[in-house]
Amino acid sequence: MNISDPTETFRQEARELLDQLEAGLLDLEQDPANADLINSTFRALHTIKGSGAMFGFTAVAEFVHEFETAFDQVRKGQTKANSALIEVALDAKDHIHRLIEAPEDRISGGDEILAHLRRIIAGGPVDTETPVKPKAKAKTTKAADAPPPPPAATAIWRLEFYLPADALIYGTNPALLLEELAEIGPTRVTALTDRIPALDVLDPETPHVGWRVDIEAVDPTAAIDDVFLFLRDTMELTLTRLDERTETDAQAEPDGEPDALSEASSAPEPAPTAATLAAQSPTPKPRQGAGADTADRAAASSLRVPAERLDELMDRVGELVIAQARLSQIAGLSSDTALKTIAEELERLSSGLRDTTMGIRMVPIGTLFSRFRRLIHDLSGELGKPIEFITAGEDTELDKTMIERLADPLVHLIRNSVDHGLESAEKRAAAGKPPKGVVRLSAVYSGAEVAISVTDDGAGLDTARIRAKAEENGLIAPDAKLTEQELHHLIFAPGFSTAKEVTSLSGRGVGMDVVKRTIDGLRGTIDVTSKPGEGSTMTLRLPLTLAIIDGMLVRVGNGRYTIPLAAVEECVELPEGIEAHAKGRNFLDIRGALVPYLRLREVFGTAAEPEPHQKVVIVSSGEGRVGLVVDQIIGNNQTVIKQLSKLHSGIKSFSGATILGDGTVALILDTAHLVAAGQSYVDRNITGRAA
Amino acid sequence: MSEPQDHQPLSMTALTIRLDDELFAVEAGRVREILDLVPITEVPNAPDFVGGLINVRGRVVPLADLRVMFGMNRPEPDEDTRIVVMEVDMDGEPTIAGILADKVHDVTDIEAASIEEAPKVGMRWRPEFIKGIGKRNGGFIIIPNMERIFETPGARNAPVAASEERSAS
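Protein chains in written order, with the numbering used here: chain A, 1 to 691; chain R, 1 to 169.
Okay, chain R solo, but in the shape it has when bound (with noise of 0.2 Å):
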């Protein structure tokens, strides 16, 4: 599964799901299953980034949630929340991953010619988590660069000092 260089345009397979008010399309082949909202454990100090671990027919998944690193808003679950369990690079490690979305839509082709490079500038992402930006029926739809989120070194190191500074004082 060689993933295409950065800002280059790209034809895919897609799911496309909703976070806050916003469409973003994850490739279709990398989805495993979509589950309705389960119970979610809180690991406590964990980055809100992956602040949760859900059971997956036996196994125990990180369960992300973009829109933080998206800095979008984070509405409460309602019917339409669905778990996306999908395969994530880690270091060149396929991951088994819990996505939360707020809901999921469908699965489109998205053709490489209606995908543009993220602009640099005027956008309230951060270009590096963006891999480009697809349109559909006059929307936009946002294709997320999976291995960059996932490798943020921040997103997985959490403040363990902080947390035993709380504890003494």
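Excised from the complex, chain A in its bound form (with noise of 0.2 Å):
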């Protein structure tokens, strides 16, 4: 990809905005009247379509306008903020999408957004939130939306503007703005030279002249908008219409009261436009210098970067810890001292140089978080559940890959959680429990382990059914005696859906069974809990980080293998003669509980004699224990996990590779597998004896 195709940088830019653009709109319907939260909408809404239409984006620009017009009404009190309001933007906010993303297809929907938009924006809030306003207030809302009025008389308008201080450093022409405005109309332009410092302070990077522009039009307003697209945020700038009224009358108005000037100003429908420029000019002085000032501060801290550089320094510094392990390897060997020193100081800089790698690419899983705001949002109006989403633990930091791939299972369980964990408002009531359910999503760091949370207060887990329905797709046999962990984890068999009524949600083809691979895919596992009556909580319990990890290096024939040692629970010796009177019971009692084994040897087809005294490595998946008899422990070691080819993707034993110290390729035991085989093992064997 491109990275310096300026269409991308700014399908980028939007992506970003837009999400911006989606949690304000989300958290303005839970507030509505905070001024912050309506700002902030505006400037997004502002910004995308200055860029849109500069990048090329027409189409969005042109969408857009409205929408930051009828922001800019709420923004200014004329309009209320209210739930159908928001509902449309966040339509609008989806259709923006589309157009970012596929400019060239005729998409087709914005017309009847903007039709919606213009319905509630002329009626819609003065009806359901203030009944009381007065009629000709929503009149000239309306007024402002519309297209200019016919033409009617021009007008002198003077406008006055002190460029920002950086404009020039970014590349602003005053002469370039200058003929923009004379463009509007016949124009008179004097220079402001009343700020011009002394020469031996005089900066000539910035911008000390001013200008006052003196131009005959009806209504100069929105070019003037147009004019200084870039630069209206941080400028100074004031338009006031200069009509009959003497100049010292104008003169005096720069810090005037807009309401004064509508009402001053003859014209009622100039009006309201005038005003708009008008109160944007001084008020965004000292709050947008406020957001500016945190927006440098972020900016001076924090760094945008391409996520494949990142996957690529990734890369590199996996090859340099294994080189590394390798001179490790050869000073070990070596009996000079100088080799030894510089090999142990490498080292510690390249696993010092892992850690900040790792360190970079860890992402607060907020950014994750704040996308099912709008999921939920959707499904309680579908759904017609009313659902209040709570979230914890936003600053928990994990792996950018894994963050990214772990949003499809985290939509699919939130999904589960308000399809088919929560019940209806009515059966909420009628359990005594209040009406809006609560859905809780929360990350929390466990050991070397983010546990992830979907909890709901729903009706929990029907166990008896999900009984009847394992048995009647033939996954358990009728008298099978199973825990209720055991039942609970049943919802993740392939096939498997408890809803009785396939929904618009559930019936996708999409099953628990995906999300459960997904997660093992991440080398993560999955906890089920469930009270009836009281709701359930599924935990993925997942490794930070998906490029390094440490690993147990071990002997089978003559291969070498290492086993995350994270899944690593015990090391015993295999007990000499078990073979002998145990034929067919691979058992082994540890402590009292019986825990299966694989022979490693036998799974992999090895040829080579075994060892006389062989070690079982007991690793843990989730529920599940088995031990893999191994003919050797060589040792821990840092893997740089290194994906298979398509070629060996069918082999499921091993979920990767590793290269070792003396630059030879180990594979990477997929203890998850093993676990389920070696459990399906005895499965097998017991159900066998039992025939």
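Simulated from the structure, these hints should not be mistaken for lab results. These numbers were taken from a predicted model, which means no experiment stands behind them. Don't be surprised by glycine CBs; every beta carbon is placed ideally from N, CA and C. Any given hint might turn out to be false.
Here are the computed lysine to aspartate or glutamate pairs in the EDC-like style, where the Cα-Cα straight-line distance is at most 20 Å [stated by the list, open to error]:
1) A:646 to R:91
2) A:80 to A:31
3) A:615 to A:576
4) A:646 to R:147
5) A:80 to A:66
6) A:652 to R:42
Residues of chain R placed beyond 10 Å of chain A at every Cβ, according to the derived structure [stated by the list, open to error]:
7) 31
8) 42
9) 67
10) 72
11) 82
Put the two chains together into one complex, using the hints given.
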């Protein structure tokens, strides 16, 4: 991907702005009078419109224009933000997204959204929110929204502006601005030299000259807006209508109240628009200043880097770690103390570099959480269930790739909670619960893992129904004895769904089994806890990163394999003679608990003679524990995980490969798969013996 | 890198390698490097065709043995054995793979005129694995169809179930 492509840059920015916009809208729904939220929503719209037009996304700019106007009304208190407006704005946000992603496609639906918006602006808020509001006010609102009135008498407008101090640095050309202003109508330009400092303190890169431009036009407000599109937030600008008024009147105006201005003006139509500009120019100063400050600080302390470069960096660090391991190995064999010292130094440096690099890839999970607010909002509307969505632990950091891959499973779990977990408001009321259901999404560190939970206070899993369904599908035998845990876990079986009827959400052919697979693929586990009547919790436990893990190196026959250390519980010696009197009964007694074991030599079809003293590495995955019999435990090592190519993707016993200190490749065991294989082996064995 | 259609004469710059007792030609443009024999990590339960993994400058790369696909003898590696690291298309995705060669000869141009379509009969190799047969110095050079060879589903899907059965018995 070419990162210098300006269109792509715009897209990237716009995506972020749209996310911001969505978050702002959802917040606004909770708190419709919050001026900060209204302002930030307006700003996001304004920026999308402005840069959209600049990068040739004219459809976007045109579409956003009306929304910007609408939110400008809200900003000025002429319209109230209400749920109808927010609903249509969310639709609009989706529409803008589509327009940005595929500008060449003819994307329809925009007109309906705009028509809907016009209806709401025209009548909606006035009727529902403040019925006492005078009709005249609503009319003004409408007038402002409509195209400029037919040509009326032109007037003289006086524009005075000073450019922001950094305007020249960012490439603003005052001469061009003046030319653009001249296109609006006949102009008379005067330079304002009152701010030019003494020569010895003059900074030539700062624009010190201001301009007074008298323009003859009907209503130049919109045109002036366009000229100063990218400057207006930080510049000083006043616009007054001179008309018959004297110059002193006009000059006394700058800090005058917008209301006074609109009253003073004789023509009713242009009044609100003049007020728009007047209201924007003096007020944004302090507010914008503060906003820009935080933005500047944020820009200085963080850096946006394309994801591919981070991936590349991680790859390089991975290679460095491998090369360092090789060096350490050679140094270990050598008697050269200088070499040993360098090898140790390099080991320290590379492990530091590894940690720092992994740190760069860590992203707060909050970025992912915010996405689900919209989901909940939509689901709530679609299913008619009022839902309160609570998030916690947004600061918890996880590997970027991990966060990306978690999005889909979490969407599914949340959908599931809302669709199957939460009861309808009536049922809740009947059960003595508050009608509003609660869905809680939280993330928390636990050791070298992160636990992410989706909790609902719904009806809980219906174990009887799960059981019936599983029997019906042939997943379990009718007389099988299962613990509650095991019953809960059945929902992850392929093709399993507890929904009695197929709603628009369930029955999409994607089930919890897909969630399970994805989480397995991330080397994570899922726990389910559920209490009838009180709700369920799904907890995902995931490693912090995917790229480098600590591993235990073992030997099986002539091959060396790495077992993820996080999965290793303990190592024991395989009791001698256990074969002799326990044929076909591969269990170990570990402190009173039966642990089945797999002989990796058999699993891998190794021909070489077994070691006399074989070791058992006991690994766990979720609930299950399985012993893996190996010939030798070599030791622990840092393992840079390399994906296997498609040629080997069919082989399930391995989750990847790594390169050892001596440069050879070792396969990484997929413990989840091996545990499952071990358990199924036990099951078969038990049923086999029972039969 | 669009491949010419099957059964169409093509002229190519090729790296010639020997497998068992036959000369093969692989597209030189796809060859990344030629390595001396490196330690090969066996992948348990993988098909013979791609039974190993090697380390190529910090990358884990599958090692393919074309001799399996052509049903040839597989002599033990000797001092002439090389690994040709090349880019092959797998389901349209470029993938780096190593190819075991009993000997690497040279890079040569094979004229389109000298290349013939693989005959449908009278050949010990599966015709779909062969793009054409070139002639040089009175001998034949086989031009394998790498895409087809690496596309074969049987090459990829390991007999996983079988291995689990084995562990159970």
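Hint check results:
For the suggested pair residue 646 of chain A and residue 91 of chain R, the alpha carbons sit about 10 Å apart, so the restraint of at most 20 Å is met. This hinted pair checks out: residue 80 of chain A and residue 31 of chain A have alpha carbons roughly 11 Å apart, not beyond 20 Å. Of the pairs offered as hints, the one joining residue 615 of chain A and residue 576 of chain A holds, with about 10 Å between alpha carbons and a cut-off of 20 Å not exceeded. Our distance criterion of 20 Å between C-alpha atoms is met by residue 646 of chain A and residue 147 of chain R, whose separation comes to about 14 Å.
A hinted pair counts as satisfied when its Cα atoms are at most 20 Å apart, and residue 80 of chain A with residue 66 of chain A qualifies at roughly 16 Å. About 15 Å separates the Cα atoms of residue 652 of chain A and residue 42 of chain R, which keeps this hinted pair within 20 Å; it holds. Even its closest Cβ contact with chain A, about 18 Å, leaves residue 31 of chain R beyond 10 Å, as expected for a residue assigned away from the interface. Residue-level check failed: residue 42 of chain R sits 6 Å from the nearest beta carbon of chain A, not beyond 10 Å.
Taking the minimum C-beta to C-beta distance to chain A, about 16 Å, the non-interface status of residue 67 of chain R holds against the 10 Å cut. The beta carbon of residue 72 of chain R is kept farther than 10 Å from every beta carbon of chain A, the shortest such distance being approximately 20 Å. For residue 82 of chain R, the non-interface assignment is confirmed: its Cβ lies about 18 Å from the closest Cβ of chain A, beyond the 10 Å cut-off.
Of the numbered hints stated above, the single one contradicted by the structure is hint 8.
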